[in-house]
Amino acid sequence: MAKQVKRKSGSRTHHASESDTKKPKLKQGRKQLRTVTRTARRPDRDAENDEETGYNDEREKLDQSEDESDEEKEGNADANDDLQEDKGKAYDALLTLLKSDHKEPKKQKNKASSYENTEEADANDENDDDIDIEDDEIAGVNVALDKDEEIEDESADEDDIEDTVKGLEQDPFEVHFNLIEDSYIDTEEKLVIKEREKWSIESKNSYPELGYSTLMQVPPGSSIPITSHTKKLSIDKYPLKKRVQDAWGKHFPSDFEELSELDRTLLEPMLNYVDINFPYKSFQNTSYRKLYALHALNHIYKTRDRIIKNSGKLHVFKETMKNGGPKFESQEPEFRDQGFTRPKVLILLPTRNACYELVELIIKLSGLEQQENKKKFNKQFFAKEVPPENKPSDFRDSFKGNNNDFFCIGLKFTRKTLKLYSSFYSSDIIIASPIGLSMILENPDKKKRQYDFISSIEVLIVDRANQIEMQNWENVSTVMKYVNKIPKDFHDADFSRIRMWSINDQSKLLRQTLIFSEFLTPNINNLITSKSFNLAGKMKFKPLINSSTCIMNSIGLKLKQIFQRFESPSPLQDPESRFKFFINSVLPSLIKSSSYSNGILIFIPSYYDYLRVKHYMKTSTKLNVGSLDEYSSQSKTTRVRQQFQSGKIDILLYTERLHYFRRFEISGVKTLLMYGLPSIPVFYKELVRFIGKSVFKEQCDLDLAFVKILFSKWDAVTLERVVGNERAPALCNSVNELFEFR
Amino acid sequence: MAVITKKSKPTKLAAKDLAEKIKKNALKKQKEDEEKNKLISPVNKKEKPVESVVSPEDELKFKTFSELKLVPELLESIQQMKFTKPTPIQSEAIPHALEGKDIIGLAQTGSGKTAAFAIPILQALWEAQTPYFGLVLAPTRELAYQIKETFDALGNSMGLRSVCIVGGMEMMDQARDLMRKPHIIVATPGRMMDHLENTKGFNLKNLKFLVMDEADRLLDMEFGPVLDKIFKVIPSKRTTYLFSATMTNKIEKLQRASLHNPVRVAVSTKYQTADNLMQSMMLVSDGYKNTYLIHLLNEFVGKSIIIFARTCAHTQRTSLLARILGFSAVPLHGQLTQAQRLGSLNKFKSGKANILIATDVAARGLDIPSVDVVINYDIPTDSKAYIHRVGRTARAGRSGKSISLVTQYDLEMYLRIESVLGKRLPKDPSPPREILDALHVHVDRATAEAIRQTKDFHEKRNDKIGGKKRRDDRDREER
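Protein chains in written order, with the numbering used here: chain A, 7 to 748; chain B, 351 to 829.
Simulated from the structure, these hints should not be mistaken for lab results. The reader is advised that the hints may include incorrect statements.
Unchecked claim - Pairwise CB distance ranges, derived in the manner of DEER restraints:
#1 B:Lys555 x A:Gly318: 18 to 26 Å
#2 B:Asn696 x A:Lys487: 44 to 52 Å
#3 A:Ser228 x B:Gln479: 55 to 63 Å
#4 B:Asn696 x A:Ser483: 36 to 44 Å
#5 A:Glu187 x B:Pro719: 55 to 63 Å
#6 B:Asn696 x A:Phe323: 25 to 33 Å
#7 A:Val723 x B:Asn548: 23 to 31 Å
As the list claims (entries may be wrong) - Result set (SDA-like, lysine to any residue): computed pairs, CA atoms no more than 25 Å apart in a straight line:
#8 A:Lys494 x B:Leu765
#9 B:Lys579 x B:His664
#10 A:Lys200 x B:Lys579
Claimed, not checked - Here are some chain A residues pointing at chain B (derived, C-beta under 7 Å):
#11 Ser260
#12 Phe262
#13 Asp500
#14 Ile509
Ideal Cβ placement from N, Cα and C applies to all residues, glycine included.
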């Protein structure tokens with residue numbers, strides 16, 4: 007079976023030049039597809055962009071070949087019209103797409119498959135064979151073994167530390183992956199996995215000037231020693247491959263001599279293969295991306311050179327044996343320097359644009375002149391679109407460019423070139439969206455399922471985790487289930503070179519996990535806290551939010567904000583207690599106490615809570631309620647907003663996810679109730695400003711309007727972001743249950 | 351001391367140079383051996399090895415294991431296993447083996463053959479401590495597991511690592527096991543070859559010992575091609591042991607195993623069944639076979655019984671029949687998954703089920719000491735199989751009984767077996783007619799039901815496999 011697959015997709019090559027022969031056949035599919043695109047909703051995906059890509063593709067083809075069929079031209083014009091039509095509705099489309107997400111799982115499959123069709127067509131544009139193309143579903147997918155695997159005649163870079171014992175002991179890469187003792191891992195496995203002993207806190211630091219505090223946790227027993235403790239100023243002082251240092255110097259000369267304090271604080275644990283959970287606070291702080299790209303490349307190069315060096319030694323040994331060298335006694339030397347499969351670094355990103363930016367960065371830092379398939383990559387991953395100016399800047403950053411979230415691409419590094427779209431099993435880095443990857447891991451067609459290629463991941467990076475969380479965190483959990491799982495098939499692995507801890511299913515004890523998010527959430531924390539077992543330890547960064555840097559301080563409105571705490575016995579029962587409290591005490595009093603009988607906006611972070619509240623309001627009360635969520639249709643949204651503004655609807659229910667994807671400005675809000683705190687801090691400000699707008703329009707009075715926020719002690723983390731870390735504990739723990747701010 | 355040792359020299363080999371090489375080695379070894387051991391008679395150029403027989407009553411070469419110069423750890427394990435006195439085959443084989451000779455060992459089942467080759471290997475391993483030290487090939491998966499258990503028990507205190515590589519299990523798990531550098535690999539030939547071919551980075555270049563248990567079976571046609579391949583990739587400089595209860599005389603087969611000056615030790619005659627075994631036969635008419643069987647099961651109620659049938663379908667059907675009629679019976683045949691096979695065997699071993707209904711998969715080597723009765727529901731097609739089958743009972747000094755159900759159609763085959771055994775088996779009296787008639791009604795009804803269920807079983811199985819050839823098929827075994 008496996009063989010068959012190999013042959014099938016192996017025959018598919020990626021040279022655009024041969025593509026002309028079979029084109030007419032494709033057109034049909036492409037056209038059908040366009041209709042599908044227009045009518046069907048697809049998950050989390052921007053229709054506009056999709057059309058756009060198709061359009062670009064076709065135009066380019068026109069340029070290339072004059073003798074395109076008429077049909078093709080029609081199709082092109084078609085696409086053009088679509089484009090015009092769709093321009094104005096970009097976000098509406100996006101919204102409709104969302105609907106598929108968790109409403110009806112069965113339907114989603116269909117949508118996903120219609121989605122696949124698009125991908126196929128996309129791929130067809132660049133690809134030659136249309137026969138096997140059905141296998142191709144997600145941008146970048148290539149699970150076959152490369153047929154034209156180049157012979158790697160490579161020599162290792164000579165620039166590194168020599169193989170002296172001392173040199174090796176100072177290189178964190180060697181210490182973490184190659185010099186580690188089997189017995190040490192066995193003991194730790196027992197402590198960490200079997201007995202689940204507690205991790206202890208090794209150190210706590212605070213860096214007020216950086217606005218962070220750090221917390222270092224180490225595994226029970228002992229952790230892998232950290233080799234370099236001093237934070238060095240310039241990049242060439244770190245134990246990095248010279249290639250990446252040079253590339254860094256070339257592209258970021260300002261950072262070469264002197265890294266910023268924050269970068270140094272991050273880089274040191276990162277290079278020592280310590281887990282990091284780092285909230286970057288704002289989308290504008292992007293310098294950490296350079297660091298992890300640097301780290302990933304360094305890791306790839308080190309592994310590669312180690313393998314090449316060892317292969318060389320083995321070769322020399324075999325030659326001497328052949329030539330009748332030292333007989334008998336000399337045993338064949340043993341080098342264990344790799345995993346079951348080649349990919350070592352897995353990077354999860356939310357959108358193709360994020361992927362595009364990262365790949366650009368990697369290309370810069372790789373120090374490689376040549377890239378294969380770069381053109382195809384640009385076509386599939388790059389788009390110029392920018393969301394309209396009137397949206398908040400963080401939104402524009404999240405959704406700019408090609409914000410399609412369906413991709414999984416392999417990057418392979420050789421001595422001179424970086425190959426994009428390399429087959430997964432011969433890739434070094436896999437960059438994927440969680441949904442793209444989990445569609446491969448848990449393909450509805452069981453025979454097509456593949457997970458072996460992420461069995462030997464040594465560095466896992468999740469960037470823009472908040473954005474991923476808004477897409478669907480389930481997919482991340484799926485990916486985590488398969489990372490470092492013992493593969494099913496051999497994939498031509500040389501077992502004599504596989505590290506003992508890979509064989510013994512202990513790779514998860516050495517995998518480094520790096521998570522970068524704008525702010526921390528329980529899901530994100532959980533990835534490091536309970537899904538990572540890295541023996542090097544875990545470093546958690548926490549932003550210092552005091553009352554002057556908290557979001558509440560930046561509102562600039564003298565508005566009454568009432569924080570109401572309710573008792574909740576455990577996080578699990580929190581939704582239940584919240585609901586009870588809401589219907590029993592908040593809702594009745596809200597109707598009475600609110601100064602205005604209409605213009606009440608109820609903001610509900612969780613979709614499930616939203617459904618429950620909506621159901622209750624519609625069936626058990628006589629209130630005049632409207633509701634909007636991420637699955638509402640465009641026309642409904644417009645209508646309901648209009649009705650709310652004009653007072654035809656008194657109360658409006660509004661979900662966080664809808665706000666995330668649309669960033670509406672709701673008019674006519676006079677009273678705001680937050681059923682829970684928004685997980686994205688800036689939303690607090692935006693929501694409160696809805697009232698500000700009404701005040702400005704003189705629809706209500708600043709002194710009569712108010713905001714009420716429900717919270718329990720389990721909301722401490724989100725609360726801290728809103729009120730600052732000094733007030734949060736007081737709010738959570740004092741006897742008082744009601745707090746008023748102005 | 352009735353041992354005559356002899357040298358056999360390879361005569362014909364396909365590849366000339368290989369022959370040359372082996373010859374050289376053989377000559378070299380001969381010289382060494384002559385110096386070492388003067389007991390060995392001069393080179394015997396006869397083609398057929400001389401049958402050397404020791405009877406169990408003969409004086410043992412050594413009386414206790416402590417007389418041998420074994421490492422203390424090994425002795426300790428031997429004592430823990432309560433081996434006090436060596437069995438005849440052990441007493442004959444171990445001293446030769448400790449001298450580093452190749453051995454062909456013939457002994458009846460249940461006579462401690464496994465320990466006879468395990469002890470010298472472990473002794474040698476103690477000196478060397480290298481991975482992939484010994485390979486033991488066995489024809490069936492169950493036997494392989496059993497051999498591994500013996501090795502584990504004996505090697506327990508010296509930190510032995512062993513693996514069992516048989517079909518029906520995950521290749522990946524086994525590849526990982528192999529990479530943990532086991533000292534001893536116990537395997538069925540098909541799966542072993544699979545790993546040698548497909549598990550990159552795994553080889554047996556450093557192999558020192560090769561053992562073929564139930565060697566005659568292994569050297570048969572069925573395993574031939576695979577064995578040839580294995581022999582090609584393991585070093586020719588090694589020690590080889592062949593062990594079996596029955597031995598083939600075809601010299602070319604033995605040459606395949608490329609033994610160097612093997613010492614041939616045999617305990618008991620060529621075809622002999624244990625002395626404390628009561629053998630008998632029962633003439634039945636074909637339509638009444640099931641009724642007779644159920645009658646016998648009633649007679650032996652509470653005893654531990656193995657019933658042998660010819661085909662998987664018979665086995666499955668008969669076990670269902672017995673179960674329908676309230677006996678705790680488990681089937682064991684090649685159409686079950688490996689997990690099911692192990693499950694059945696364990697149930698029987700632990701006494702949860704007291705009746706095991708099996709094909710010849712279970713005929714050889716299985717060591718279940720508590721078996722009281724063996725019933726041949728179908729007469730075996732060859733006489734060797736008969737000896738192996740009845741050898742499942744009366745093991746390790748206990749007494750046992752075997753009954754063969756012979757119908758009018760089996761008569762010819764049965765007579766052949768008798769002629770090989772060299773004696774006529776006593777005929778058990780038929781049960782009274784009225785009892786049989788009373789039973790027959792119920793048995794018939796149950797048989798009909800059993801046939802229906804067997805059909806279901808096969809349909810289900812076919813659905814599961816879906817016509818696709820399983821990987822396991824490379825590791826085909828006895829029926």
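Consistency of the hints with the structure:
no. : hint                            : in the structure
1   : B:Lys555 x A:Gly318: 18 to 26 Å : holds, 21 Å
2   : B:Asn696 x A:Lys487: 44 to 52 Å : violated, 32 Å
3   : A:Ser228 x B:Gln479: 55 to 63 Å : violated, 29 Å
4   : B:Asn696 x A:Ser483: 36 to 44 Å : holds, 37 Å
5   : A:Glu187 x B:Pro719: 55 to 63 Å : violated, 44 Å
6   : B:Asn696 x A:Phe323: 25 to 33 Å : violated, 46 Å
7   : A:Val723 x B:Asn548: 23 to 31 Å : violated, 51 Å
8   : A:Lys494 x B:Leu765             : violated, 52 Å
9   : B:Lys579 x B:His664             : violated, 35 Å
10  : A:Lys200 x B:Lys579             : violated, 43 Å
11  : Ser260                          : violated, 47 Å
12  : Phe262                          : violated, 42 Å
13  : Asp500                          : holds, 4 Å
14  : Ile509                          : holds, 5 Å
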